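Quick mapping for you: the protein sequence lines, in order, are chains A and B.
Residues in the first sequence are numbered consecutively from 0, following numbering that gives the first Met the number 0.
Residues in the second sequence are numbered consecutively from 0, following numbering that gives the first Met the number 0.
It is worth saying that the hints were derived from the structure and are not from the lab.
Treat the hints with care, as some may be off.
[Claimed, not checked] To give a feel for the contact side, a few chain A residues facing chain B, derived at Cβ under 8 Å:
| # | residue |
| --- | --- |
| 1 | Pro103 |
| 2 | Gly106 |
| 3 | Phe109 |
| 4 | Pro116 |
| 5 | Ile149 |
| 6 | Leu151 |
| 7 | Phe154 |
| 8 | Tyr158 |
Values in this document were obtained by computation on a predicted structure and should not be read as measured data.
No residue lacks a Cβ here, since even glycine has one placed at the ideal position from N, Cα and C.
Listed below are the residues making up each chain.
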Amino acid sequence: MKQMVHRSEPALALAHPQPSLEGERAAARTIISVADLSIVFDTPQGQVIAVDRVTFSVAHGEFVCIVGPSGCGKSTVLNTIAGLETPYSGAVTVDGRPMQRPRPDVGMVFQQPHLFPWKSVRKNIAHGPRMLGKSRSEARAIADGLIEMIGLNRFADAYPHTLSGGMQQRVAIARALANQPRVLLMDEPFGALDAQTRSVMQDSLLELRERIDATVVFVTHDIDEAILLADRVLIMSAGPGRILRDLGVDLPRPRSNAIMLDPAYLALKKDCLDLIRSEGRRAFDQSSAG
Amino acid sequence: MKRINILVGALSIPLFVVAWEVIARSGIVNAVLFPPPSVVAVALVEWVRSGQFFLDLGASLYRVVTGFVVGAALGIALGVLTGQFALVSSLLSPLFHILRPIPPIAFVPIVILWFGLSETGKLFLVVWGVFFTVWLSTHIGVQKVDRGLIRAAQMLGTPRRQMLQEIVLLGALPYIVVGLRTAISISFYTLVAAELAGAFAGIVYRIEIAQQNLQTGQVMGGLAALGLMSFVADRLFAAVAERTVWWR
Ligand SMILES: Nc1ncnc2c1ncn2[C@@H]1O[C@H](COP(=O)(O)OP(=O)(O)OP(=O)(O)O)[C@@H](O)[C@H]1O
Ligand SMILES: [Mg+2]
Numbered sequence: 000m001k002q003m004v005h006r007s008e009p010a011l012a013l014a015h016p017q018p019s020l021e022g023e024r025a026a027a028r029t030i031i032s033v034a035d036l037s038i039v040f041d042t043p044q045g046q047v048i049a050v051d052r053v054t055f056s057v058a059h060g061e062f063v064c065i066v067g068p069s070g071c072g073k074s075t076v077l078n079t080i081a082g083l084e085t086p087y088s089g090a091v092t093v094d095g096r097p098m099q100r101p102r103p104d105v106g107m108v109f110q111q112p113h114l115f116p117w118k119s120v121r122k123n124i125a126h127g128p129r130m131l132g133k134s135r136s137e138a139r140a141i142a143d144g145l146i147e148m149i150g151l152n153r154f155a156d157a158y159p160h161t162l163s164g165g166m167q168q169r170v171a172i173a174r175a176l177a178n179q180p181r182v183l184l185m186d187e188p189f190g191a192l193d194a195q196t197r198s199v200m201q202d203s204l205l206e207l208r209e210r211i212d213a214t215v216v217f218v219t220h221d222i223d224e225a226i227l228l229a230d231r232v233l234i235m236s237a238g239p240g241r242i243l244r245d246l247g248v249d250l251p252r253p254r255s256n257a258i259m260l261d262p263a264y265l266a267l268k269k270d271c272l273d274l275i276r277s278e279g280r281r282a283f284d285q286s287s288a289g
Numbered sequence: 000m001k002r003i004n005i006l007v008g009a010l011s012i013p014l015f016v017v018a019w020e021v022i023a024r025s026g027i028v029n030a031v032l033f034p035p036p037s038v039v040a041v042a043l044v045e046w047v048r049s050g051q052f053f054l055d056l057g058a059s060l061y062r063v064v065t066g067f068v069v070g071a072a073l074g075i076a077l078g079v080l081t082g083q084f085a086l087v088s089s090l091l092s093p094l095f096h097i098l099r100p101i102p103p104i105a106f107v108p109i110v111i112l113w114f115g116l117s118e119t120g121k122l123f124l125v126v127w128g129v130f131f132t133v134w135l136s137t138h139i140g141v142q143k144v145d146r147g148l149i150r151a152a153q154m155l156g157t158p159r160r161q162m163l164q165e166i167v168l169l170g171a172l173p174y175i176v177v178g179l180r181t182a183i184s185i186s187f188y189t190l191v192a193a194e195l196a197g198a199f200a201g202i203v204y205r206i207e208i209a210q211q212n213l214q215t216g217q218v219m220g221g222l223a224a225l226g227l228m229s230f231v232a233d234r235l236f237a238a239v240a241e242r243t244v245w246w247r
């Protein structure tokens, strides 16, 4: 049941336990490239710069978290990588091709599950494969495999409104994985969940990630979540959004929530918090001076 | 407490009928203008026995059903188009918003000029009345479809056509169903206007003829039949609607 999630492709970077080796391999194979990206929105109050000349790239197989204060443009960056938003200037490419519109090799999980309310869990997950021309039975087989993976076998025929928030978000993740995307974008997928469900979901995402071959860009404003999940954390400044720091997370995998007591983890977290605090002070001084 | 409510509820109509019978027979009111239920019942039975009832019912049903189906289909199709495509909406919505508030019944005179007393004219009136209600509710429903659902569907590679047929249409369905239900009563209003304007068969036509002959019992029987028709249509639709929005 797991084989349809795996691609029969060469070496997934995640299969290699040593982070240094992983890093080297990854560097050689950039999959997402965001170059000098600016996004400007036209509003009744005039133009708003949401994202200001952001540049970064993500290697194949990497798990990158973007953190930053509310309104700094995290979702906007992610939507642009998804092809839902067009750059004002700069360029976004995935797999070497510019993102002009959504593409099935780039999947997305939103803060809200956005499941199709008229479809059962199975049909929600099978939607993507059906749209890509898979037969009914093929799509069903893919869906059933993923349902097993997210542990919702009992709910395969249930409708979304009968599921809890955590279960719905699991279905949304499975639905995004059904098309075997090379890139999975996640926009605060656990933001709407309570703390307990959230940490369960984080652990199951970590577990899931050991089994799938996808590059993940994960947006959150929770530092703990970012360090727990990521190979790299990009810290963004308050709007207009810029990348402040690109931080490698050299903690061993497989990880779980237990890692949050590890000294190396705490040191990293302190770094992040210091950076965010000084940035916050700088932004505050700037705004009160100007 | 509850049982009493049910009991009283079950007695409501019989009590009303008995009171009506007593009052009509007591001589307080003019029995010709206000016949007792027993007389109405006899008129109804005769209407059915003569076979005329089924011809009338058939004629009226044909107009209501055909007009409803055509009007609803047009309303849904155009509502999806104006709701989804800003250009189509700019072209058509202002026109529809001007025409929509005019009560459909007010079109009777011009419809008679255009179509005479033909079936086409009657269908036109019903279609006209149904169309605007269904169009508006579809248009609003389509615009209110959760943007998140559309984005999620886009991310999954949903082609444009599927997006309209499946995501947008089903997303708007709860609104469309409400519009359709309102349109059912509108189709009966317009049916009344269409048949009063002149017809050769139909429930309302029969009521009018009976009125001219001062057959008040028949008039009331006709009203009862019309009420029953409309009631059954609404209930049938409610049952269908429950299944249409099946995920609720
Ligand atoms: N469609 C839009 N029209 C106008 N302004 C927008 C639009 N989308 C986003 N913005 C603005 O762009 C900025 C960045 O928004 P964005 O949603 O990307 O922030 P975010 O970092 O995801 O915030 P949050 O953590 O609250 O989700 C904000 O100032 C927001 O008001
Ligand atoms: Mg956001």
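Hints and how they fare:
no.: 1; hint: Pro103; in the structure: holds, 4 Å
no.: 2; hint: Gly106; in the structure: holds, 6 Å
no.: 3; hint: Phe109; in the structure: holds, 6 Å
no.: 4; hint: Pro116; in the structure: holds, 5 Å
no.: 5; hint: Ile149; in the structure: violated, 17 Å
no.: 6; hint: Leu151; in the structure: violated, 17 Å
no.: 7; hint: Phe154; in the structure: violated, 14 Å
no.: 8; hint: Tyr158; in the structure: holds, 5 Å
Checked against the numbered hints given earlier, this structure breaks hints 5, 6, 7; the rest are met.
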